[in-house]
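Here the protein sequences line up with chains A and B, keeping their order.
Residue numbering for the first sequence follows the numbering used here, beginning at 1218 and increasing consecutively.
Residue numbering for the second sequence follows the numbering used here, beginning at -6 and increasing consecutively.
Since the hints were made in silico from the structure, they are not lab data.
Built from N, CA and C at the ideal position, the CB exists for glycine as well.
Among the hints, erroneous ones may be present.
To give an idea of the chain B side of the interface with chain A (calculated C-beta under 8 angstroms), a few residues [said to hold, decoys possible]:
(1) Ile31
(2) Asp47
(3) Thr56
(4) Glu57
(5) Ala59
(6) Gly87
(7) Gly90
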Amino acid sequence: MRSLIIAAACLFASFASAQSLQVEVLADGLENPWGLAFLPDGRMLLTERAGDLWLLDAQGKKLLKYANVPPAFVKLQGGLFDVVPDPDFQDNSTIYLSLAHGHQQHNTTRVVSARLGATALEDVTVIFDNTPKGTSAHYGGRLAFLRDGTLLVTTGEGAEYREDAQRLGSTLGKIVRIRTDGSAPPDNPFAGREGADARVWSYGHRNPQGLYVDPVDDVVYSVEHGPRGGDELNIITRGANYGWPIATHGLDYTGGRISPFETYAGVTEPLTFWTPSIGIGGVAIYHGAMFPEWEGDALVGAMGHQHLVHVDLQDGRVTSRTKLLEDRRARFRQIKIAPDGAVFAVIDAIDNQPHTGQLLRISRAP
Amino acid sequence: MNPLFKRASLAYLAAAAAGYLLAITFATTANLINLASIGADIGIGDALRTWLFDLRGMTPRTTELARYGNVLLIGFGIAFPVAVLIRVVVLRLGPAGKRVAPWLFPLAGAVALGTGLTVMFQQYEVTAVAGARGYGFWAQCVAGAMAGFVFGRVFTRGGA
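Given only the sequences and the hints, what does the whole structure look like? Please build it.
What follows is the structure in structure tokens.
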């Protein structure tokens, strides 16, 4: 009886939460938007995977398309990915872009720094290329700054090179930590280890496309795609192994096992995972005045299953997961929390249709 | 039922069963070898459990077309009838044709699996079966060839 009452309360809470959301479409007709960044003056930067970088005003209206954006390898999952401003952007006008670079037989996840000029990027400098691969899948591509000013970059394992996710000499299937000039900080966990790439921060990742550094406590969260099942939400810690492909909660697409193991000694388990896969997108931890009931909880995008997930976190443990905005049929690619506490969502597409990408502002209904 | 069709059907079923068993065994083995190469400690029990799971998990099913068993059935279902027709022509070429004929069914089986895996890769740029990458691809072709051998033995029994 008690469990029935609790279940009913959770159901009511999620229903009430969903009913209290107001969604504004700030921009639509976008072509696979991927990354969103807030600038100090309230304007925004938005990337589209086909290779465009846009400046938007605070209401989401397009102001200009920047010239001199480095050309991306746009095929299958490749293209222009994320954008983040430098922590000292107000002084140096510097941004960082991640993209797929190269050609079919030899391509990488690349990160560049650039100065944001009036209408074009200036001083575009390559600061990172990961281990080359010959597929146009599984690039990772998310960027986030730690409090100490170093940059985290997620990389995928290229789909065909899954074992490389466990090899420390490769930057496939990793989260790397670099300085803004691309060099490896000396306090990285594998710096100085023979055969290891000094830029590696964590390993054993499949295709992490979500990354978020909690500004309150500097804790790093990541979400990554599983194969058939096994999409994960992880807390990323220095030097940790996240198991792919030795341990996974997913199966191969054709029905067989990726590995005999779902858990394995020395492998960090996810906070939570989703089977079947939801086509996991981005992640953000909510801190804001607009939804105090969400304080410290995770918001996760689902692209394949087309909804937003509210993950209730209590003392670092997941207590519930609630689907939101399912009726929009939107592929939630990235989640950001605006200074006023509204939630911004980058929508890859509606119902997988072309030219239907959107930028949403989700706020408390009046 | 037409005796030739009956024999061909029996041959197909026997070949599909043998090919499936071998293909899954090779795929599981290759996958576990790859995992062991990166430090996974895999015991006999782990390997057996995985093999049994793969045998069950990749069986053909109409509700899940992506299953590997479906790929095998469709591939063999195309390759072996084509090989039968080619064999008819080849056998009319005299002694040389008689030497070549026994190799047609193994070749058809190998091409069936190789083609199926290649088509799947072209679609998504990922090998759909973990153990069919690198040398594992060739092992799958060998499984297909052995399925073709079984088909040939059953089909040609009695002088077809």
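Would you list, in rising numerical order, the hints stated earlier that this structure does not obey? Violated hints (numbers, rising): 3, 6 and 7; every other hint is consistent with the structure.
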